[in-house]
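Make the full structure from the sequences, and use the hints.
Residue numbers (numbering that gives the first Met the number 0), protein chains in the order written: chain A, 0 to 377; chain B, 0 to 157; chain C, 0 to 375; chain D, 0 to 205.
Don't take each hint at face value.
Here are the in silico distance ranges between beta carbons for each label pair [unchecked claim]: (1) ARG67/D / LEU44/C: 26 to 32 Å; (2) ASN3/A / ILE16/C: 57 to 63 Å; (3) ARG67/D / PRO25/C: 40 to 46 Å.
I should point out that these hints are in silico values taken from the structure, not numbers from a laboratory. By construction, the Cβ of each residue, glycine as well, lies at the ideal position given by its N, Cα and C atoms.
Letter by letter, the chains look like this.
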Amino acid sequence: MWINMGPQHPMTHGLWNLRVKIDGETVIDVDPEMGFLHRGIEKISEDRHYNEVITLMDRCCYVAGLAWEHLYILSAEDALHVKPPQRAEYLRVLCDEFQRIGSHIMWYAAFVQDIGLMSPFLYGMRDRDLILDLFQSYTGARLTYEYLRVGGVRSDLPPGFTARAREVLDWLDARFGEYDQLCLGSDIFRKRCDNLGILKASDCVAHGVTGPMLRSAGMKRDLRKDRPYSVYRQLDFDVAVAEGADVTARYLVRMEEMRQSVRILRQVLDWLDQNPGPVLAENLPRWLGAPYAPIGREGYLLKRNYPKGVGFSSVEEPHGEAQAYVVNEGGEHPYRVKFRSPVFANISAARQYLVGYHVADIPPIMGSVDVCVGEVDR
Amino acid sequence: MQPEELQARISPKLGENLLGVEPFAGTAGRVRFRPAGALELFETVRDDLGFRHLSMVGAIDWVDHREVFYVVWSDDARQYALLSTDLAADAPHVESASGIWPSANWHEREAWEFVGVTFDHHPDLRHLLMPEGYAFHPLLRSFKLHEPEELEVKSRRV
Amino acid sequence: MSTVTLFSVSYDLSTVIARGVASVFPQPIHGWILSSDVVLGFAILFFAIILLAASMINTIMLIWWERKLLGRFMDRRGAMHVGYAGLLQNFADGFKLFRKFTVRPREADSAGFYFGPTAYMATSLIIFGVLPISTGWNGGTLPLTLLLALVIFSFAPLFIFVSAWSSNNKYSLMGGMRSAAQMIAYEVPILLAVVAVVIVAGSFDLTTIVYEQQNYWFWGPLVVALIVFVAGMLAEMERIPFDLPEAEAELVEGWNTEYGGMLFAFFMLADYLRGLVGSFLVVLLFLGGWTLPTWVPSSLTSFPLAGIVIFMVKTYLVFGLFVWVRASLPRVRTDQLLRVGWNRMIPLSLLAIFLAAVLVTVKCLPLFGCVPSPGV
Amino acid sequence: MTTPAAQTKPAPAASPPAGSVPVELPMAGAPAVPFIEIETLRSAQFIPAAKETLGDLIAEQGQAKVIRPVFNWAGRNSLFPLHWGLACCAIEFAAAFGARWDAERFGVVPRSSPRQCDLMIVNGTVTWKVAHKLITLYEQMPDPKWVIAMGNCATGGGPFRTAYSVVPGVDKLIPVDVYIAGCPPRPEAMLDGILRLENLIRERKE
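Spelled out as structure tokens, the structure:
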């Protein structure tokens with residue numbers, strides 16, 4: 000019997016359809032059907048200024064907007080031959096790591112609801128709102144920030160930000176133990192999640208699975224360490240790894256990642272306190288700096304003579320490795336923008352980690368994958 | 000790994016199907032090859048050079064021809080490499096990589112759907128993100144976007 | 000006992016109304032109306048109406064109690080803008096569902112689709128007729144009230160399965176299957192746990208069981224039976240951690256996926272009615288019913304309707320425990336649930352019976368006092 | 000391959016059956032997009048159980064001054080939205096049910112089954128691929144029902160309005176009662192939209 004789980008189903012956390020073939024309550028085949036949220040971001044980007052594409056990036060992955068902005072900015076800067084100042088790099092890492100905690104808390108809230116634990120959803124949303132408040136204080140928005148710019152970031156931090164951020168970090172640090180107690184301390188949770196949805200490291204590599212799912216299989220791969228972008232080389236942290244490749248291992252990896260992010264953030268806040276400076280690169284071309292300013296003769300010439308280029312970047316997004324490929328053919332719009340979403344690859348391997356388990360296991364397994372449909376469909 | 004090393008290790012296998020390896024920022028290099036040598040190149044890159052992880056398959060419409068590029072990652076070298084090939088614009092097709100890297104499956108479906116590149120011997124080449132029966136390849140340069148007012152929407156209140 | 004009971008009130012009411020009505024009519028009809036059978040019939044009718052209204056209102060208050068408690072457990076407020084502290088929220092929900100269109104899918108079987116929820120609701124309501132809430136609650140004594148209540152209670156999986164099957168939805172069908180399997184699996188330990196109580200109390204009559212708890216409540220010596228009974232009740236009431244039949248994450252809304260409007264309200268109400276019955280039974284069997292421990296001075300408990308008040312307070316506290324469980328535990332899986340049911344619960348309940356037998360044989364335990372002689 | 004602009008107007012379908020109005024879903028002028036006929040959809044899958052519920056009957060029999068306000072009060076104070084998330088706004092939709100905003104204060108409880116809902120909050124971009132499903136879900140909800148278009152995408156396509164796959168506004172598909180601006184709207188804005196809908200229901204005279 001084929002059943003459709005989606006597009007409107009409490010399990011999906013987004014707009015996609017998991018077609019499941021079951022025998023009794025056992026899953027014998029699955030077929031994910033994506034594309035219900037395909038908004039043509041790659042096509043629209045060809046019609047936008049470089050800085051306008053950032054707007055789309057926020058909506059591309061709506062729980063990790065800043066990480067996707069960072070991804071796009073890195074490759075756009077490559078393609079446009081722009082270099083940001085050091086303080087902007089630290090601010091970007093600040094955004095990335097706060098975003099990682101926010102995204103993981105959102106994942107936690109959704110995941111525990113999938114296995115029937117109701118209260119932690121509320122606790123998670125409560126704690127995530129604190130991070131969103133911080134974002135709001137320096138980007139002005141809760142979800143769609145448009146904060147990063149080609150050549151830096153839009154604005155500096157408001158006064159008193161770092162003190163408030165440290166308070167939030169202390170609060171969060173204390174909450175992580177509470178989360179663990181609610182989940183790992185519960186026998187039912189362990190019974191539900193141990194040895195569930197196993198995806199071995201070799202299968203992960205073959206199917207392009209990255210991020211916490213790969214690290215939960217015991218493979219120590221994190222682009223922040225392996226291929227350090229931005230200023231991750233200067234920061235001290237560990238890569239979260241777990242053995243077991245099951246749902247519990249993914250839970251452990253994400254929890255550890257949040258703790259490591261707190262550790263990174265403390266270093267970044269210290270650095271930001273001590274090193275004031277500019278946050279946007281100087282002598283940016285006018286057409287790049289202000290998309291809606293009238294392009295005069297000077298700017299026009301500059302644009303015509305601007306060197307072509309191709310940018311490729313890859314960042315460790317909360318869900319895994321995201322990549323961007325931006326082609327600059329000398330115009331105010333990118334010629335082609337191509338993104339690689341980690342969740343896209345993680346879902347494409349669904350048959351590997353779903354077949355053989357029960358129907359009741361589908362929500363926790365898919366929950367542990369952390370599906371963000373926006374970035375899959377783009 | 001440097002572009003020269005890539006060139007030295009790939010060219011004995013591929014022969015004239017290898018067009019060259021050029022440096023590319025942030026990666027080990029960009030391998031340009033003829034579509035005829037695709038499978039050989041994929042096997043060489045995966046088995047001999049250790050690029051076991053295929054991250055992305057993308058396609059670009061350059062109007063006069065189409066380009067397909069593959070991004071691969073090696074855990075040993077901790078580096079990316081780009082493989083790219085140019086296809087004729089009238090009937091673009093290349094051998095599917097999904098036999099070598101299973102992860103290529105969905106990426107190639109997407110590339111076929113959006114840029115119209117056919118992947119030979121692909122197990123399941125059907126629409127992924129657009130509905131079944133969608134007749135266009137939206138990421139071609141000839142496909143223009145329009146304001147919604149230009150679309151004729153016949154609607155009625157339910 | 001000369002206390003005012005619900006039945007005596009309804010009997011008096013019936014008599015007064017019968018006199019009033021009879022005075023209008025000439026002799027033969029007049030005499031017939033005043034005959035004791037007719038008055039008794041009306042008395043039973045009034046009794047039923049009062050009981051129905053009381054149980055409905057209590058159920059709706061129970062939903063409110065659960066929503067507020069859940070809100071507090073989750074660090075939020077819960078319903079609060081409709082009526083004082085959201086007291087009227089569930090009445091609004093009920094009226095709205097009453098007003099809603101009821102959609103029946105074309106492929107659904109019409110007989111089962113309408114019969115299922117109605118019968119589910121009806122059987123849940125019938126149980127209230129046999130549960131004593133306070134002294135002298137029922138007019139007569141039924142020697143087997145406990146057994147009768149449990150038998151009616153266990154009709155539910157049949158009706159759930161009928162309604163799930165006839166609504167022609169894959170999720171409903173799976174939910175119905177799970178529900179049937181789960182309820183049948185947990186009937187057995189519940190009945191065995193009750194046997195332990197019956198052994199100590201020496202009667203199947205709930206009123207007698209409560210009176211047997213004058214000296215000490217049964218939860219202490221029969222703690223194993225209490226654990227089995229509460230766990231089984233959680234499964235019977237389909238609440239987290241055993242709410243698999245309506246497991247939201249995988250089965251949308253489980254067996255009531257296709258039900259909307261009034262039929263959905265029936266399901267919702269019947270679920271909470273069963274929750275109320277479950278709490279009633281826990282209070283009656285283990286927590287001393289409407290009595291208080293003997294060290295409480297009787298002057299404190301001599302206000303009117305004291306028994307009912309004490310009983311309802313206990314009931315709401317027990318239900319609060321169920322809510323607490325719901326707020327803090329995840330859901331188990333079907334096979335785990337059944338394995339726990341057959342492999343753990345049944346041995347435990349047998350152990351409870353054994354302990355009860357020991358208690359009755361030894362007569363006195365140092366911690367819990369002495370057992371009254373069985374069969375009062 | 001012809002340019003899509005040249006095919007904005009597809010050839011008319013061969014004589015649609017009488018009594019049904021086809022809703023064409025244009026995909027940047029793609030002719031291959033199937034037609035769906037809402038009448039067919041309705042008749043094929045769903046038939047009403049009875050023309051009037053008991054509640055309607057009583058309301059018509061009189062006491063309009065008493066019963067109708069009561070039902071109206073009940074209807075506006077217990078709006079069950081459909082539990083689904085389309086895009087970014089779904090995150091704010093979820094945040095509105097979080098501890099800080101707690102939409103349950105107003106009696107708003109999301110239900111997963113459309114049969115038990117009164118309110119569809121379209122919280123995100125609607126694409127042509129999901130349009131069929133959206134209409135089906137709307138049809139599955141029993142009357143009386145309301146729709147809130149949450150965010151710019153649902154209102155008019157938002158930043159994606161030029162895209163080939165996006166419906167420029169959900170009101171092209173289903174009737175909308177309240178529009179909420181914002182990209183995405185904050186949870187307060189969502190609650191405000193619900194309260195405005197309650198006011199709309201209060202003024203309803205039927």
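Outcome for the supplied range 40 to 46 Å, where the beta carbon pair is ARG67/D and PRO25/C
holds (44 Å)
Using the beta carbons of ARG67/D and LEU44/C, state whether their distance is inside 26 to 32 Å or not.
holds (31 Å)
Between ASN3/A and ILE16/C, does the C-beta distance stay in 57 to 63 Å?
holds (58 Å)
The structure shown violates none of the earlier numbered hints.
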